[in-house]
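Colleague: If you read the sequences in order, they're chains D and H.
With positions in the first sequence counted from 1, the corresponding number in the numbering used here is that position plus 3.
With positions in the second sequence counted from 1, the corresponding number in the numbering used here is that position plus 4.
Each hint should be verified, as a subset may be incorrect.
Derived BS3-like pairs: lysine-lysine, alpha-carbon spacing no greater than 30 Å straight-line [claimed, not checked]:
(1) Lys-104/D with Lys-138/D
(2) Lys-212/D with Lys-30/H
(3) Lys-6/H with Lys-212/D
(4) Lys-30/H with Lys-6/H
(5) Lys-30/H with Lys-8/H
(6) Lys-138/D with Lys-348/D
(7) Lys-238/D with Lys-104/D
(8) Lys-8/H with Lys-212/D
So the derived list for chain H, only partly shown, Cβ under 10 Å to chain D, looks like this [to be verified]:
(9) Lys-8
(10) Leu-9
(11) Ala-11
(12) Val-17
(13) Asp-19
(14) Thr-24
(15) His-31
(16) Tyr-154
(17) Phe-156
(18) Ala-157
(19) His-158
(20) Gln-159
Just so you know, these hints were derived from the structure itself, not from any lab.
We put the CB at the ideal spot given by N, CA and C, even for glycine.
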Amino acid sequence: MVNIRHITTATAKTWVSVGLCLLCQSSSATLAMDKTGELSPEGSTPQTIQTELAVANPMAWFDRITIASRQLNYVGVFSYQTGWRTETSRIVHRFANGEEKEHLEILDGSPREIIREGDNMRCVLPAQRTIIVGKMGIRNSFPGYLPQNHAELTANYRIHLEGVGRIAGLDAQKLVLEPRDELRYGHMLWVELQSGLLLKSQVIDANGKVIEQFAFSDVRIGGEINDELLTPSVKTSDDWHTVDVSGDHTARIENQWALSEPLPGFTRLATTQHRTGWPLQLVYSDGLAAISIFIEPAEAGINARGYFAGGGAVNVFERILNGYRITALGEAPASLVQRAAESIKELK
Amino acid sequence: MKEKLSAMLDGDVDDATVRTLLIRLKHDPAFRNEWDTYCLLGDALRGYAPPELEGFTERVMARLENEPIIFAPRRIPPPIETPAAPPDAPSRRRYILQSAAASAMGILAVIGVVATLSGSKGTASPSPALITATAIAPVRHTPAIMPNNYMFAHQTMSGGFMPAAIHYVRGLSDPTEE
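Using the sequences plus the hints, can you model the full thing?
Modeller: What follows is the structure, given as structure tokens:
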């Protein structure tokens with residue numbers, strides 16, 4: 004077992020070094036944003052934006068990241084790395100007439116792709132002859148919910164800027180989110196200076212180890228995106244299995260479930276009832292990380308399966324409670340995900 | 005490498021080494037035999053020597069071939085501020101299972117590290133005695149949505165900084181590709 008004191012020490016060392024770097028941070032970064040704080044539509048290019056503004060406030064960068072990821076045109080190749088596995092994907096994103104279109108293809112292993120048009124997501128898994136469809140939930144209700152919920156973020160993370168680095172041939176401002184406790188992971192972000200596009204993201208565990216990384220290796224920002232690039236490459240047929248995970252995200256559904264003790268720093272973000280007979284989903288967020296708790300009737304005689312690794316920073320814990328299967332899943336340490344699953348109770 | 009195997013049985017190696025060893029166990033039959041021998045020795049010393057071990061791993065593997073396991077093995081960090089595990093739970097050897105190392109899974113089961121498979125709070129943990137193939141087979145069930153779908157449903161609701169679709173890569177990672 005890893006000694007908790009050791010973790011604390013290691014974490015402290017990691018973040019002390021980060022703090023030292025902060026002292027010599029650059030504040031020469033410039034914002035490519037207009038006076039309203041928004042990028043102009045139609046797939047803005049950095050050149051179209053005039054206002055320059057020295058940004059010493061990390062929060063302004065978070066706003067830029069969100070706006071840029073939605074309102075820029077870009078085409079790039081990025082790697083997703085977790086543990087010993089790396090996968091490369093190509094992403095194409097277009098913003099036109101107020102609507103986003105996105106096409107993501109995983110280039111390694113079995114071909115898989117995701118197509119998004121506005122709120123509608125479609126994930127194609129040829130090996131399983133399966134299509135998963137769903138609607139964007141909270142993420143898309145910009146600016147209602149953003150990871151940039153500043154108060155919540157700063158309550159749970161110490162946030163600061165580091166220097167400017169170079170990712171995929173572009174200058175990028177580095178941001179650090181240091182967790183204030185061991186109930187959440189740390190994050191490091193590299194944001195393209197001119198456009199605000201996030202070029203690289205790392206999730207750091209309590210030992211200071213990178214447990215998940217997304218990083219562009221090549222990206223073109225701005226310019227035209229033709230339809231061809233957004234066309235699905237996998238041909239599907241009618242006999243494929245379609246799973247619809249859409250839920251009613253808009254209504255805050257009254258339900259009979261709650262946490263017996265709160266998860267520190269997390270608040271209930273949403274309650275979603277998937278279609279009849281499907282699990283109830285409770286979503287808790289600390290401003291950045293989210294944990295979903297799925298509740299559904301369990302088949303008789305079923306055993307809970309305990310821990311699973313969901314991939315990268317995501318952990319999963321399953322238990323059975325009074326005939327219900329409780330599955331907690333989130334980008335949080337396994338201990339907290341388990342705690343979420345074990346804290347859930349049925350209100351009488 | 006043999007020393008590392010022994011250390012792994014004692015829970016004395018770090019996560020990275022465990023992963024390395026599991027990968028090698030998956031691909032190297034000779035190495036797997038070494039592991040079997042260590043386990044057998046350990047069982048014999050503890051008085052668990054089974055009447056019939058011949059081909060045990062192969063039988064377990066045959067059973068596992070058809071099991072829909074989604075995830076890969078990973079050592080679980082110790083709980084922080086969570087209720088203590090039952091005193092008999094081998095918490096130092098908690099592993100979670102993934103299809104990527106189904107071969108290792110059969111072997112791990114022999115030494116009783118499957119506590120987490122059935123280990124929700126309050127349920128009895130399996131004893132470290134020999135566990136039969138039947139006992140270690142993951143429970144087959146048909147939940148309304150499978151883990152990929154849980155992940156997908158979660159990602160539609162979670163925040164984060166990356167462009168939306170990139171989040172979904174997490175749920176789509178192909179555990180068979182390494």
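Colleague: If you take the shortest Cβ to Cβ gap from Leu-9/H to chain D, is it below 10 Å?
Modeller: violated, 19 Å
Colleague: Are His-158/H and chain D close enough, Cβ to Cβ, to be under 10 Å, as the hint says?
Modeller: This hint holds: His-158/H lies near chain D, its Cβ roughly 4 Å from the closest one there, short of 10 Å.
Colleague: Taking the closest Cβ pair, is Tyr-154/H under 10 Å from chain D?
Modeller: holds, 6 Å
Colleague: Should the interface hint for Ala-157/H be scored as holding, given a Cβ-Cβ cut-off of 10 Å against chain D?
Modeller: holds, 4 Å
Colleague: With the threshold set at 30 Å, check whether the alpha-carbon distance from Lys-104/D to Lys-138/D stays at or below it.
Modeller: holds, 13 Å
Colleague: Would you check whether Ala-11/H satisfies its interface hint, that is, whether its CB is within less than 10 Å of any CB in chain D?
Modeller: Ala-11/H check fails; min Cβ-Cβ to chain D is 15 Å, beyond 10 Å.
Colleague: The hint names Gln-159/H as touching chain D; please verify it with the least Cβ-Cβ distance against 10 Å.
Modeller: holds, 8 Å
Colleague: Below or equal to 30 Å on CA atoms is what counts here, so check Lys-6/H against Lys-212/D.
Modeller: holds, 27 Å
Colleague: Against chain D, with CB atoms and a cut of 10 Å, does the hint on Thr-24/H hold up?
Modeller: Where the cut-off is 10 Å and the nearest Cβ of chain D is about 8 Å from Thr-24/H, the hint holds.
Colleague: Answer holds if the nearest beta-carbon of chain D is closer than 10 Å to that of Val-17/H; otherwise answer violated.
Modeller: The hint is violated - Val-17/H has no Cβ within 10 Å of chain D, the shortest such distance being about 12 Å.
Colleague: Hint validation: Asp-19/H versus chain D, beta carbon distance must be below 10 Å. Holds or violated?
Modeller: Status holds, d = 9 Å.
Colleague: If you draw a straight line from the CA of Lys-238/D to the CA of Lys-104/D, is it 30 Å or shorter?
Modeller: Given pair Lys-238/D, Lys-104/D holds - Cα atoms ~19 Å apart, limit 30 Å.
The structure shown violates the earlier hints numbered 9, 10, 11, 12, 15.
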